[in-house]
Amino acid sequence: MKHRGRHRRRRRGRALRAALTGAALALTGAATMISASQATMADDPGELKPLTSVAATDDLRLTEHHVPRPWLDRLSAAMGDPVGVDAVLDSADHTLRDAADCTAEEREALPVSPAATRAYCWEADDTEGWRPGAVTTSGDADDDGRWGARRVVLSAWSRDDGTPEGGLARVSFVDADDPGRLPYTSALLAVPVDGGHDYRGLASPVSGMVWYQDKLLVTAGTGGRDALFVYDVDRIQRATTDADAVGRVPGGWAAAGHRYVLPAIASYRLSDSSGAARPGALSLDRGTAPASLVASERVPADSDRPTRLWRYSLSTDPARSGLPAVDPAGHVDAVEAYRTGATEVGGVLSHHPAGAASAEWYLGRAAGGEDGRGTLWRQDTEGSRATECGADRSQRCWSGPVGSLSYWAGTGEVWSQSGRMLFALPLRSIEDALD
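Residue numbers for the sequence shown, in our numbering: 148 to 582.
Incorrect hints may have been included.
What the hints assert, rightly or not - Listed next, with one range per pair, are the computed distances between beta-carbon atoms:
#1 Arg532 to Asp391: 44 to 54 Å
#2 Asp240 to Asp220: 24 to 34 Å
#3 Asp381 to Gly404: 33 to 43 Å
#4 Gly295 to Thr387: 20 to 30 Å
#5 Ala392 to Arg575: 41 to 51 Å
#6 Thr250 to Gly327: 14 to 24 Å
#7 Ala501 to Asp464: 23 to 33 Å
#8 Glu270 to Asp391: 38 to 48 Å
#9 Ala224 to Ala501: 47 to 57 Å
#10 Asp248 to Gly227: 32 to 42 Å
#11 Ser450 to Thr199: 42 to 52 Å
#12 Ala501 to Gly342: 32 to 42 Å
Calculated directly from the structure, the hints in this document are not laboratory data.
Remember, predicted model here, so these are calculated numbers, not experimental data.
Idealized CB from N, CA, C, for every residue including glycine.
Let's have the full structure, built from the sequences with the hints guiding it.
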């Protein structure tokens, strides 16, 4: 079980931020070269409008389903005792490069304004063929910002493996104790099948992910009624062969070449409603009591319906650590919901400023097409505002393609990733850019 270390090591990473200065200046200068189509003011999503009708909130309801405990125990008996996060970090076999060592093409994925104060790029060989997904951190997992004695960043990736199942997903565990050197390794996300005698890969892009207490909640973006899958970070299994297959193979257990595999322990399914909302982006809001899971859906730019934003309360029951609160029937109901005029939302964040009666919502919106920069909006029930950059005050200033947003309360940083870049910047710098 997790050891909740409370000591804090303060590392400021001055050398790394200095290395970023040149890249930030170059990107800021590039803002004036954004094409005329991108420089056009983005559509203002207006104010958030509350959703209060029974029909609207029923569309947001999820139902909890647990993987039977005997299935998980059967896997552990066959594969060996599970390991925890420390064991995975201690076996890191890759290292992120800092921004100064990344290519100019890689750095193009970074925001123009506000600029990242920390940025890293993933190893090209390790990520070839994989698409970046969501980010979460030990700042979400525990209120002291550490998992045991360590600071950790988790990054999701997915790829189409050409099989009828449709793809694979994995999570990279990054040791973030030393901002000047970030080693990492990855674990394949899986779903137990056949009574726990086997497992299959999670065939879904992970566009949303939150690590809260000992649970990792990830989105299920394609096919079926599953909306979220749940993983226990204390139940990481070791693969026994480096075969490209997934699951039981002659002589052992494979995880598509990865050394670790995470079997799902539960899932949350969409309602039967025709208007059921599938979570696309996720984040954690520690400013509510209890803490809450924030979600948004991905609505295309050419759609004629609004995007929904909502939150679920997380349980305070010690027997349900890391899970959403449920009613006696196993239903998870939204405790707050809105509609917005924003489309193509790739990242969502809800934050409660000191003394504020309600939350401010931050939305990362992708460019209208596959190319170009996204837009970062702050929105509430009174209106909205986007960050701007360049002499023409373009709103196309954010990363592209837009990634998830994760707020690390202990450091005041927002983490995200785009392309092959993992980056962070102070929430204060976003607020300053908006104000």
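Results for each hint:
no.: 1; hint: Arg532 to Asp391: 44 to 54 Å; in the structure: 48 Å, holds
no.: 2; hint: Asp240 to Asp220: 24 to 34 Å; in the structure: 29 Å, holds
no.: 3; hint: Asp381 to Gly404: 33 to 43 Å; in the structure: 24 Å, violated
no.: 4; hint: Gly295 to Thr387: 20 to 30 Å; in the structure: 26 Å, holds
no.: 5; hint: Ala392 to Arg575: 41 to 51 Å; in the structure: 47 Å, holds
no.: 6; hint: Thr250 to Gly327: 14 to 24 Å; in the structure: 20 Å, holds
no.: 7; hint: Ala501 to Asp464: 23 to 33 Å; in the structure: 29 Å, holds
no.: 8; hint: Glu270 to Asp391: 38 to 48 Å; in the structure: 19 Å, violated
no.: 9; hint: Ala224 to Ala501: 47 to 57 Å; in the structure: 50 Å, holds
no.: 10; hint: Asp248 to Gly227: 32 to 42 Å; in the structure: 37 Å, holds
no.: 11; hint: Ser450 to Thr199: 42 to 52 Å; in the structure: 22 Å, violated
no.: 12; hint: Ala501 to Gly342: 32 to 42 Å; in the structure: 51 Å, violated
Hint compliance for this structure: hints 3, 8, 11, 12 are not met, and every other hint is.
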